[in-house]
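Engineer: Residues per chain, in single letters:
Number of protein chains: 2
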Amino acid sequence: MNRPGIHLKLRRIGIDTFKENVAYLHRDCPVYHTEGFQALAKVEVNSVKNHQQVLAVLNVVNDGGIMAIDELGLSEQAFEQLGLKDGNMVCIAHATPPESLDAVHRKIAGECLHASDYLSIIKDVVGNRYSRMEMSAFLVACSESGMEREELLYLTEAMVETGEKLDWGEPLVADKHCIGGIPGNRTTMLVVPIVAAHGMLIPKTSSRAITSPSGTADTMETLARVDLDLKDLHDIVRRERGCLAWGGRAKLAPADDILISVERPLSLDSPGQMVSSILSKKVAAGATHLLIDIPVGPTAKVRRMNDALRLRKLFEYVGDRLGLHLEVVITNGEQPIGRGIGPALEARDVIKVLENDPDAPSDLREKSLRLAGRILEFDPDVRGGQGYAIARDILETGRAMAKMQAIIGAQGVNEEPYVRGALVMEVVAPESGFVVEINNLQMARIARMAGAPMDKGAGVDLLKKMGDKVEAGEVLYLIYAEFPSDFDFAVEQTKKDIGFRIGDNPPAPRYFPPL
Amino acid sequence: MNRPGIHLKLRRIGIDTFKENVAYLHRDCPVYHTEGFQALAKVEVNSVKNHQQVLAVLNVVNDGGIMAIDELGLSEQAFEQLGLKDGNMVCIAHATPPESLDAVHRKIAGECLHASDYLSIIKDVVGNRYSRMEMSAFLVACSESGMEREELLYLTEAMVETGEKLDWGEPLVADKHCIGGIPGNRTTMLVVPIVAAHGMLIPKTSSRAITSPSGTADTMETLARVDLDLKDLHDIVRRERGCLAWGGRAKLAPADDILISVERPLSLDSPGQMVSSILSKKVAAGATHLLIDIPVGPTAKVRRMNDALRLRKLFEYVGDRLGLHLEVVITNGEQPIGRGIGPALEARDVIKVLENDPDAPSDLREKSLRLAGRILEFDPDVRGGQGYAIARDILETGRAMAKMQAIIGAQGVNEEPYVRGALVMEVVAPESGFVVEINNLQMARIARMAGAPMDKGAGVDLLKKMGDKVEAGEVLYLIYAEFPSDFDFAVEQTKKDIGFRIGDNPPAPRYFPPL
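From first to last, the protein sequence lines are chains A and B.
Every letter in the first sequence is one number past the one before it in our numbering, and letter 396, counting from 1, is 396.
Every letter in the second sequence is one number past the one before it in our numbering, and letter 259, counting from 1, is 259.
Among these hints, one or two may not hold up.
To be verified - Here are the simulated DMTMM-like pairs of lysine to aspartate or glutamate, each with C-alpha atoms no more than 25 Å apart in a straight line:
| no. | chain 1 | residue 1 | chain 2 | residue 2 |
| --- | --- | --- | --- | --- |
| 1 | A | K49 | B | D488 |
| 2 | B | K496 | A | E492 |
| 3 | B | K465 | B | E415 |
| 4 | B | K251 | B | D229 |
| 5 | B | K19 | A | E492 |
| 6 | A | K19 | B | D28 |
| 7 | B | K495 | A | E99 |
| 8 | A | K464 | A | E492 |
Calculated from the structure, these hints are not laboratory results.
It should be emphasised that the depicted structure is a prediction, and the values quoted were computed from it without experimental measurement.
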């Protein structure tokens with residue numbers, strides 16, 4: 001259907017369309033009519049001189065102020081990908097649908113796909129040949145009951161293969177990952193210095209908060225620079241045996257970021273998608289030994305022990321086949337871990353634990369020691385069951401703190417000390433009794449309303465935890481905010497639900513397998 | 001998460017983003033930062049003064065030439081929907097996801113949905129509260145095995161309820177529909193004048209070609225104006241008892257067009273989606289009696305008799321529950337119907353049949369009479385089995401031609417006579433024997449390459465049909481084109497596959513139930 005030879009002048013259009021490439025064509029451009037293009041159609045834009053090509057969705061421009069009739073516009077990302085200059089000559093053609101869409105249709109029809117199908121789908125995704133609509137179709141076809149665990153392995157392998165891979169040149173590269181959903185819970189910032197102080201390599205990269213009040217990268221950023229390039233990352237890890245960096249710089253498993261950009265707005269988060277997302281990133285980051293933390297609780301991501309066990313088996317199946325040494329721990333996720341929720345407040349908790357401050361939150365300390373202990377036992381020289389004691393020793397002798405300071409120094413200390421927001425509100429117990437429930441979701445919501453993670457000092461500080469006895473009017477937690485409008489929103493939110501439930505009797509303890 | 005009160009100046013951005021609303025915000029706009037908006041996020045744009053609101057996907061603009069920092073841009077359709085003027089004050093907020101997405105997630109998880117679920121989903125779709133990604137998720141979850149036929153009924157009802165509905169004020173309003181896929185096959189242009197000449201009301205609206213070389217509206221347009229507004233349509237139908245118009249003007253079952261804008265690029269065409277799309281449009285158009293034509297053949301849309309029967313039952317189930325008098329006929333779709341493929345060539349065939357020209361294609365004549373006969377039997381005064389004879393009588397006495405001329409006159413005769421493309425190429429038999437196969441898909445492809453349906457005179461003219469005896473070198477068909485580049489593409493395409501297969505023996509006749 002193409003008439004070759006109609007050349008247009010390339011123009012960068014200053015519009016950021018995120019992960020979707022958009023091409024802009026003027027309505028009066030002759031090509032628009034003779035070729036029968038339609039808005040939203042997929043087109044390929046080719047360099048006239050060489051083989052550079054980019055795929056994009058077409059938008060039709062009616063306004064000569066945006067672009068001229070003889071121009072072909074590209075959104076920011078598409079322009080970068082094509083790699084040409086403003087004014088270079090290009091031509092435009094109907095894009096043939098990616099061949100791998102055939103496999104997607106087989107998946108929609110309920111078939112199992114082969115490893116080669118997943119590889120070709122993911123290659124096309126990374127090559128920007130899929131529209132968001134098409135990715136949505138693929139993800140929904142793969143979600144829930146749609147995928148055999150063997151297929152999950154193929155998908156994960158394809159996601160690793162289509163990106164870069166870090167190589168640390170050592171046989172044991174440790175990593176940890178929590179599936180998330182529990183406010184506070186900054187165990188990574190304690191596990192890394194403990195494990196690195198032991199001498200085990202743990203080059204930890206973390207994400208920023210997406211829907212939570214703080215990610216490890218946000219909290220660490222109150223203490224040190226986290227936006228490291230790959231060279232700095234390597235240097236620091238070689239010197240200190242560990243780091244606590246933001247992972248956004250490396251192009252590891254790029255398919256994951258693209259698929260997440262569709263999964264998130266759709267709220268698609270099937271167990272399979274979680275497993276392939278986490279494991280592909282970890283394998284690409286060069287991890288050989290991995291500890292996965294699955295918190296379970298009524299307001300956690302995973303709510304029933306059965307679901308946690310099923311998820312654990314999925315992680316184990318795929319992890320083993322990928323050649324990872326993978327362990328999964330199921331932990332108590334019935335309430336926030338630590339006291340602070342929000343970057344600066346969480347950093348304060350971490351520092352208190354490292355300083356062996358008797359006032360440090362004991363749940364954060366204990367969980368971190370247990371997790372660090374399990375990782376230390378990846379070391380063949382550590383006897384099974386001894387990891388916890390070693391971790392505790394590293395913490396209590398101050399070696400963990402010293403290592404944390406070294407890592408902070410190496411990454412670049414944040415000279416501006418963190419401050420809690422100046423606006424404070426006390427939330428008190430409406431009646432006397434015992435704290436029988438703290439809602440993770442509601443506490444996270446209140447902290448976000450207060451401004452976390454963007455305002456580092458904003459968030460929630462818990463003074464009471466589950467099982468504590470309280471008198472009516474006693475303070476349960478404090479809300480900190482930096483801006484009045486945020487503060488008002490957070491306070492408003494507590495009026496709907498304070499996130500705590502008070503009962504006449506202490507809550508029954510839940511049993512969790514020992515770590 | 002909203003800070004109310006930051007007002008922006010509305011600006012129409014001259015970009016047509018088709019069925020997806022897009023809002024444009026300058027990267028340096030204060031709202032962009034304080035509110036934590038992300039490109040591709042869904043936002044709601046609200047009038048500051050009243051309750052007008054529109055939902056859109058956010059694009060971020062880096063170029064002050066496109067819009068200013070204190071402005072909020074909307075793409076063409078979104079601007080129209082909001083109904084405000086350039087410069088009016090608006091504010092922008094994170095859109096809450098449509099509540100009906102919850103039902104979509106239940107569908108993805110494999111649940112059956114209730115009538116109220118489908119209604120709320122389709123209301124949100126029509127209200128532009130769904131992104132294309134979300135529609136894709138819904139459609140894939142509903143496709144293939146995903147839907148009970150009861151659910152299909154709910155979906156169809158929801159699509160009817162969320163649009164306008166025509167009322168012809170008569171107890172018998174006939175309509176026909178072919179599921180498509182067979183080139184030529186312009187029976188509608190014969191059925192309508194025959195049925196209308198009998199006095200039965202048949203207000204036929206048709207679509208233009210989407211992926212085929214011509215739709216009924218394209219072919220009719222070579223003879224008469226088809227782009228009628230609703231008032232003209234009513235006047236003409238009241239006077240002539242029938243019409244042959246383009247259906248794009250009325251807002252009937254608008255959800256259908258929106259869903260199709262996602263189904264088409266995804267090549268999603270499950271039987272359920274076909275049934276709900278066709279029946280919702282017909283019920284909204286006020287039809288009470290409907291004949292559905294399902295052609296079956298190795299290169300038709302439906303390839304096996306079993307699939308045709310399954311589809312027929314689906315049509316019957318939903319049609320009966322909607323209160324339609326619905327009949328389904330399964331017809332021979334193993335080759336094109338008539339000789340011409342392309343608007344002007346097909347119109348020529350139709351006129352020849354109406355003129356009772358002995359040279360008229362007999363398959364087109366016969367099929368049209370059979371279909372018209374079945375529709376005439378919707379008339380309680382027509383005895384079962386007599387419809388065909390009545391239809392033949394109407395055709396042979398010239399009353400069908402007279403009615404067609406009256407309809408053309410009423411709609412507005414096209415004064416420019418159609419002309420076949422000036423460029424002609426003969427495609428000849430590579431060997432002697434019998435024509436044992438004509439590939440519908442390949443013939444359609446060649447006709448489209450030649451320029452159909454945009455170039456009215458372009459297309460293919462078949463001189464041989466299945467069963468015909470041919471000598472090597474004898475002409476099988478002619479290709480007509482208006483432009484040299486199209487012509488070259490079409491000729492190139494025949495080199496890959498001429499679309500005909502020649503065998504030593506005539507093809508075995510296939511049995512089809514009599515109409």
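Engineer: Hint by hint, note whether the structure agrees.
Structural biologist: Taking the hints in turn, this is what the structure says about them:
1. A/K49 to B/D488: 24 Å, holds
2. B/K496 to A/E492: 69 Å, violated
3. B/K465 to B/E415: 33 Å, violated
4. B/K251 to B/D229: Between B/K251 and B/D229 the Cα gap is close to 11 Å, so the pair holds against 25 Å.
5. B/K19 to A/E492: It is violated: about 37 Å lies between the C-alpha atoms, which goes past 25 Å.
6. A/K19 to B/D28: It holds: about 20 Å lies between the C-alpha atoms, which stays within 25 Å.
7. B/K495 to A/E99: 23 Å, holds
8. A/K464 to A/E492: Answer holds: A/K464 to A/E492 is near 21 Å, not above 25 Å.
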